[in-house]
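Protein chains: 2
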Amino acid sequence: MSIKVTSKEMVQELLDNYDNFLFDCDGVIWLDTTLLPKVLETLDMLRALGKRLIFVTNNSTKTRDEFVAKFASFGLKINREDVFGSSYASAIFAKDILKLPQDQKIWIVGDKGLEKEFKEAGYKTIGGTKMPELDEPLDLKNKDDPIYHLDPQVGAAVVGMDTKINYHRLAVTLQYLLKPNVVYIATNIDSTYPANGMVLPGEGTLVQAAAYCSQKKPYSCGKPSKSLIDVIVKTHGIDKNRSIMIGDNLNTDMKFGLDNGLETMLVMTGIGSEEALNALEETKQPTYFADKLGDLYELMESR
Amino acid sequence: MSIKVTSKEMVQELLDNYDNFLFDCDGVIWLDTTLLPKVLETLDMLRALGKRLIFVTNNSTKTRDEFVAKFASFGLKINREDVFGSSYASAIFAKDILKLPQDQKIWIVGDKGLEKEFKEAGYKTIGGTKMPELDEPLDLKNKDDPIYHLDPQVGAAVVGMDTKINYHRLAVTLQYLLKPNVVYIATNIDSTYPANGMVLPGEGTLVQAAAYCSQKKPYSCGKPSKSLIDVIVKTHGIDKNRSIMIGDNLNTDMKFGLDNGLETMLVMTGIGSEEALNALEETKQPTYFADKLGDLYELMESR
Numbered sequence: 029m030s031i032k033v034t035s036k037e038m039v040q041e042l043l044d045n046y047d048n049f050l051f052d053c054d055g056v057i058w059l060d061t062t063l064l065p066k067v068l069e070t071l072d073m074l075r076a077l078g079k080r081l082i083f084v085t086n087n088s089t090k091t092r093d094e095f096v097a098k099f100a101s102f103g104l105k106i107n108r109e110d111v112f113g114s115s116y117a118s119a120i121f122a123k124d125i126l127k128l129p130q131d132q133k134i135w136i137v138g139d140k141g142l143e144k145e146f147k148e149a150g151y152k153t154i155g156g157t158k159m160p161e162l163d164e165p166l167d168l169k170n171k172d173d174p175i176y177h178l179d180p181q182v183g184a185a186v187v188g189m190d191t192k193i194n195y196h197r198l199a200v201t202l203q204y205l206l207k208p209n210v211v212y213i214a215t216n217i218d219s220t221y222p223a224n225g226m227v228l229p230g231e232g233t234l235v236q237a238a239a240y241c242s243q244k245k246p247y248s249c250g251k252p253s254k255s256l257i258d259v260i261v262k263t264h265g266i267d268k269n270r271s272i273m274i275g276d277n278l279n280t281d282m283k284f285g286l287d288n289g290l291e292t293m294l295v296m297t298g299i300g301s302e303e304a305l306n307a308l309e310e311t312k313q314p315t316y317f318a319d320k321l322g323d324l325y326e327l328m329e330s331r
Numbered sequence: 029m030s031i032k033v034t035s036k037e038m039v040q041e042l043l044d045n046y047d048n049f050l051f052d053c054d055g056v057i058w059l060d061t062t063l064l065p066k067v068l069e070t071l072d073m074l075r076a077l078g079k080r081l082i083f084v085t086n087n088s089t090k091t092r093d094e095f096v097a098k099f100a101s102f103g104l105k106i107n108r109e110d111v112f113g114s115s116y117a118s119a120i121f122a123k124d125i126l127k128l129p130q131d132q133k134i135w136i137v138g139d140k141g142l143e144k145e146f147k148e149a150g151y152k153t154i155g156g157t158k159m160p161e162l163d164e165p166l167d168l169k170n171k172d173d174p175i176y177h178l179d180p181q182v183g184a185a186v187v188g189m190d191t192k193i194n195y196h197r198l199a200v201t202l203q204y205l206l207k208p209n210v211v212y213i214a215t216n217i218d219s220t221y222p223a224n225g226m227v228l229p230g231e232g233t234l235v236q237a238a239a240y241c242s243q244k245k246p247y248s249c250g251k252p253s254k255s256l257i258d259v260i261v262k263t264h265g266i267d268k269n270r271s272i273m274i275g276d277n278l279n280t281d282m283k284f285g286l287d288n289g290l291e292t293m294l295v296m297t298g299i300g301s302e303e304a305l306n307a308l309e310e311t312k313q314p315t316y317f318a319d320k321l322g323d324l325y326e327l328m329e330s331r
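Protein sequences, first through last, are from chains A and B. The opening position of the first sequence corresponds to residue 29 in the working numbering, with each subsequent residue numbered one higher. The opening position of the second sequence corresponds to residue 29 in the working numbering, with each subsequent residue numbered one higher.
Check each hint, because a few of them may be wrong.
Identical copies look the same in the list; a pair holds intra-copy or inter-copy alike.
Claimed, not checked - Computed list of lysine-lysine pairs in DSSO-like fashion (alpha-carbon distance at most 27 Å, straight line):
no.	residue 1	residue 2
1	Lys207	Lys192
2	Lys32	Lys152
3	Lys140	Lys245
4	Lys283	Lys245
5	Lys158	Lys192
6	Lys144	Lys105
7	Lys245	Lys192
8	Lys98	Lys169
9	Lys171	Lys192
10	Lys133	Lys144
11	Lys320	Lys262
12	Lys244	Lys98
13	Lys171	Lys127
14	Lys133	Lys123
15	Lys244	Lys192
16	Lys320	Lys36
17	Lys312	Lys268
18	Lys140	Lys169
19	Lys32	Lys283
20	Lys36	Lys127
21	Lys36	Lys79
22	Lys36	Lys262
23	Lys268	Lys127
Everything labelled a hint here was simulated from the structure, so no lab data went into it. A quick note: this is a predicted structure, and the numbers were derived from the prediction, not measured.
With the rest of the complex left out, here is chain A (with noise of 0.2 Å):
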């Protein structure tokens, strides 16, 4: 049964239990483009307590440097080492988890955020908004097509949100992973994200679509993946068992921490709620719960 937080007490137990805290953004740290309360004061308050801050994205399509200009914009200052955006992530596990040799290359379903990443992994990319051929429709017949011409160095095949997806780009992907030696690595497995007070089709939603044609199984790199919390060790060398994961997603963030043997809090300013809380079995449900991120603040400044 998860516990609520609401006393000093029980974030001092925090405090002394944990030395790493990690974060899912949208709905923990801000709501779209809306800081939420308190919570300026409580990474403050962490960091001055010499807490290991780390925040973990699914969005596939923002390169860690602009995750902290979105910090930024809040006033947070954020090292870009601390942000795990899922295609940051997603390099780093080809480069230092998959050890996937620098010359080969990456085909890449996916925006300039996804690019960006692993080039600066020190990989060469192919397809992604580089080959705008792939926006018109397949046209067999055409035997420049890249789906004639597919390239012999590339050794992983890399799908994260494409809004530019179609039949081609899918054909084309659906070569490279037939082939035995292409890895199929996927930013993450999100069916839906929100958008102007609807749900749209998320990058997991590309990932199965290649996934089932090519019958390859993906590596995934987001909440809830074990590669991302592979990532991260590897990265800052943090140890498992005096880090919390706090987010607002059950399917992701607290089946991410649940999975990985991280110690769990919902917080209810995104998508969770004490509802679906109570409707998950015991022990699918995170350790702790409180209504906000900024709990911790304020219940510390409680006498």
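Following the hints, complete the assembly by docking chain B onto the known chain A.
Chain B only, in chain A's frame:
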């Protein structure tokens, strides 16, 4: 253990035991644009014996009339009532099995063939080839976009082969599928299809993408799904115990027969092989196999 059909006596037994012969087309009747040997003679022989011949194909881009025309190009006269393409089967499934009221509209992801079959079944379709604006990238700032103007009369979303699939079409399809009253129909769940010596993403790739983001499970109307045999039985009132499915594909044709109580016979003129057959556990093997469909005629003619 599958039995190879090698004698006149064995063919005679098949002829005695079955009244309804269901055939896959590509790899059984023809291979791409070539009629396979002794097919004409075999079908004539079966007809002369009063057998019912039914042709079952997962191809969702053609109407029954187009299939009849393809048969005619090989000199085979076939009644359109005896051809079950997966687009036709989807329309009949909606009308006769789901009993979807005819004043409800059908949201289409697919080509003209799919639209025509639903139109012929009495439904009005939207989407599909009728909304060229969906070929453009999704622009959430455009308040005229179909994503903001969902048609409340839509009662089903149907996904078949659509080489114009893109993020925009997926996103609008998702909005329809998220409505509790909208039924999800898939023409078939083939992961790929062969073309130009390659394999390309099949209907199932699009179907899975829409299923993943919407978390809605489709009724699939192609082989190997039960919906298809329901449609055939509803149309022709055949006795499944007196019916045999002949095909070249273990995963679709033979599974379709095995899962739905039809006798099964594999032929080796398409993608099936004796090696693949023997690799299957015994309960998943077809009862009979032959080198080609034309063997039925050749063996009967032998002394």
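Right, here's what the structure says about each hint:
no., hint, result
1, Lys207 to Lys192, "both (24 Å within a copy, 25 Å between copies)"
2, Lys32 to Lys152, "neither (48 Å within a copy, 53 Å between copies)"
3, Lys140 to Lys245, "within (24 Å within a copy, 33 Å between copies)"
4, Lys283 to Lys245, "both (20 Å within a copy, 24 Å between copies)"
5, Lys158 to Lys192, "both (12 Å within a copy, 20 Å between copies)"
6, Lys144 to Lys105, "within (22 Å within a copy, 59 Å between copies)"
7, Lys245 to Lys192, "both (22 Å within a copy, 25 Å between copies)"
8, Lys98 to Lys169, "between (46 Å within a copy, 22 Å between copies)"
9, Lys171 to Lys192, "both (22 Å within a copy, 20 Å between copies)"
10, Lys133 to Lys144, "within (13 Å within a copy, 44 Å between copies)"
11, Lys320 to Lys262, "neither (30 Å within a copy, 57 Å between copies)"
12, Lys244 to Lys98, "neither (35 Å within a copy, 35 Å between copies)"
13, Lys171 to Lys127, "neither (34 Å within a copy, 46 Å between copies)"
14, Lys133 to Lys123, "within (12 Å within a copy, 50 Å between copies)"
15, Lys244 to Lys192, "both (22 Å within a copy, 24 Å between copies)"
16, Lys320 to Lys36, "within (15 Å within a copy, 79 Å between copies)"
17, Lys312 to Lys268, "within (18 Å within a copy, 46 Å between copies)"
18, Lys140 to Lys169, "between (30 Å within a copy, 21 Å between copies)"
19, Lys32 to Lys283, "within (18 Å within a copy, 52 Å between copies)"
20, Lys36 to Lys127, "neither (45 Å within a copy, 61 Å between copies)"
21, Lys36 to Lys79, "within (18 Å within a copy, 83 Å between copies)"
22, Lys36 to Lys262, "neither (34 Å within a copy, 69 Å between copies)"
23, Lys268 to Lys127, "within (23 Å within a copy, 55 Å between copies)"
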